[in-house]
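**Q** Chain by chain, the residues run as shown.
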Amino acid sequence: MKKIIGLFLSLALVMVIAACGNSGDGNGEGSGKSSGKDSDKITLWYWNRGLDESVLEKVKEEFPDVEFVAQKLPPGGDYKTKLSSLLASKKTDDAPDLVLMNIWVSEFLPHEDKFANLFDYGGKEFIQNFPEWKVNQAITGDGEKLIAVPVDTAPTGFFYREDVFKDLGIASTPEELTEKISTWDGYVEVLKTLKDKGNTYAEASIQNAFSSSLNKLDKRFFDEENNFIGDEAHIKEVWDKVIDLDKQGLVLGNIEDQSQEWNAAINNNELVGYDGPVWAKDIIMDAAAETSGKWKVARSPFSDGNDGGSFLAVLNSSKNPEVSAEIAKFINSAENQIESYKNLSLFPSAIEALDSDKINHEEEFFGGQNTTEIFSEAAKNVQSAYKGPQESIALTAFTDELELVKTKGKDPEKAWEDALKQIERDLSL
Amino acid sequence: MTQQKEMKKDRGKVWREIKKNKGPYLLISPFFITFIIFGLFPVVFSVYLALSSWDGIGDMEFVGLRNFEFLIKDAMFWKSIANTLLIWFISTVPMIVLALIIAFLLNSAFVKFSEFYKTLYFLPNVTAIVAVAIIFGVIFAPSYGLINYFLTTLGFDAIDWHNNSLGVKVAVAAMIIWRWTGYNAIIFLAGLQKIPESLYEAARIDGASTKDIFLKITIPLLKPVLLFVVITSTIGGMQTFVEPQLLVGNSGGAGGEGMTIVLYLYQQAFVKNLYGYGSAIAIGLFAIIMLFSLINWKVVDQKK
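Residue numbers (our numbering), protein chains in the order written: chain A, 12 to 440; chain B, 10 to 313.
Since the hints were made in silico from the structure, they are not lab data.
Keep in mind that the hints are not guaranteed to be accurate.
[Stated by the list, open to error] Pairs of lysine to any residue, SDA-like flavour, derived with a Cα cap of 20 Å:
1. A/Lys102 x B/Phe54
2. B/Lys82 x A/Asn279
3. B/Lys88 x A/Asp429
4. A/Lys398 x B/Phe279
5. A/Lys425 x B/Gly264
6. A/Lys419 x B/Gly264
7. A/Lys177 x A/Asn279
As the structure is a prediction and not an experimental result, all values here were calculated from the model.
Start from the sequences, fold in the hints, and give me the full structure.
**A** Printed below as a string of structure tokens:
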């Protein structure tokens, strides 16, 4: 009797373990519990508000032969970690076919072998529809492989308080301001007027001044062979410029972008301008609801930038890369991107969508201005800059040192050297 | 030699014992199996990782003790240890004192609605830590924060809670104190209730004051509970992470004044993708916690 019970229990245990192994990754919401390995099943990983769900519904209509399952995962760092461990694992039976990737797509370029080369699935023609700078973020250094197709973009603009700028006699229209801040010196002049006449600012921290200026360059910390070039003149120039900005007292403080402190500074009329991405629009609207109607958007100072935007990739382990690639392309057709913009304010990347009249609309918060026009123009003019996989190592080192210059009065030259030392160490690890 | 033989014999005995009692061992096996997969394996793997260079996806490259060579020379690592110890000290000491006082009051006869207060004091511990951090972030905000508002209205200088070396630690410690005082008070309360009422009565008959009763009866008899609280808050304090991360970010504020060991580990592994180096920091943390446990153990052992 005992033996039989023992046998029964061990059998149960084996079954439990086996079940654990099989379902593997039953994490995502609405993961289809279909048994049987159906090769026509396509699974997608995305995060909340990363893709428009009504477009995902349309996928099911467009591809009736495919069982399309969209799994929503927790966003942010968790998502990235989950994707990394998925790519590191050797078992790929339960891996999704399509994965949404954020601006950190470049960190995955060294692992291009984990992704399907979309150039093999009509990618060459498809990317004709998109601005070059955007597509380049998902192309390997040698130009041989396209690991993902563009989803949304995050062009920058200069958000500012029209009333304040008018009162101080800086500019009365966005066009006039755009003209005035089209050069670095012009921008500094405007910041000076803000400070001297109104005791107001448009730069919240030296780190943000640094990183937003970087977003306008055509090269950053690494060249396309991933050699470190962050110690060269193009970075040092930006470094010196922002240090100088701080020396002249034109930086408000050490206030992180879009933090509570930042919201408070905007509400107190201390921060009256912000060179930020299109998605900051909603944040400013929430933070400064009382000043509705007083804001306007001009083009970014001295050059258009980009700060964010995601991509959709097909994994190499997919049993159906062809259909997966078709789905990725379908989700990002101009028409669907326009719909996503309307539903979720995911700013389009397809040129046809950017040029379309359908995305234009007047916004009350911005005094009836059609800000979309400004951002879509910017989106077409962003500089193409290669981001290496070790981007965050370099950026963290520089911004950490800049913070020391600002808060502890560290000597800028010493700070520059220390940043380079730190990067050298981290890159050797 | 004989010892070895004996050990072998012992092991054989253990196996025989397991074979004889298959049923019970089978019933407890799920715990051990999940522990091996989710507990033991990651521990062993992180030791291996600490000896490698790995970006999280690609191939692991074995580099021997190189990560540790860097670690010993890494000023930020030592700074994070000092920060962690300091935060632990300035949070644990006030917390234990406060918790003791609260427990003593809750246990005394003159407090009404003690059940209500017990729940109230425990509430911070079950509050989502992110929510706590946001509230404390507002309170300790450097430019527009609540505390600085009071300080400046009273004519003092505002304190830069994010960049001032001590300021960050005080802000983080305040968060820890708020969160854990009630929890520890409940534990103390359980200890207090185990002290026989007759001792107090005898003391009162002898004319002892409340202060005497507290210092000469309550505290000595609470020692085992006190030790438990100290050990758990040491382990918790060594792992301080969420509070500084949410307050001053992944770099621990200007110059890493709020950088704790676990935050440094997180930054190296998950922000900079230096998984090998992150694991080496974890091993360093392990060594420190071992050291503390050893000291604790010695202290307890001497008592016996």
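**Q** All the hints need checking, so say for each whether the structure fits it.
**A** Verification of the supplied hints:
1. A/Lys102 x B/Phe54: At roughly 18 Å apart (the allowed maximum being 20 Å), B/Phe54 and A/Lys102 satisfy the hint.
2. B/Lys82 x A/Asn279: violated (45 Å)
3. B/Lys88 x A/Asp429: Between B/Lys88 and A/Asp429 the Cα gap is close to 16 Å, so the pair holds against 20 Å.
4. A/Lys398 x B/Phe279: Roughly 18 Å separates the two Cα atoms, so the pair holds.
5. A/Lys425 x B/Gly264: Distance ~14 Å between A/Lys425 and B/Gly264 Cα, so the pair holds.
6. A/Lys419 x B/Gly264: holds (8 Å)
7. A/Lys177 x A/Asn279: Measuring from Cα to Cα gives roughly 18 Å; hence the hint holds.
Of the numbered hints listed earlier, the single one contradicted by the structure is hint 2.
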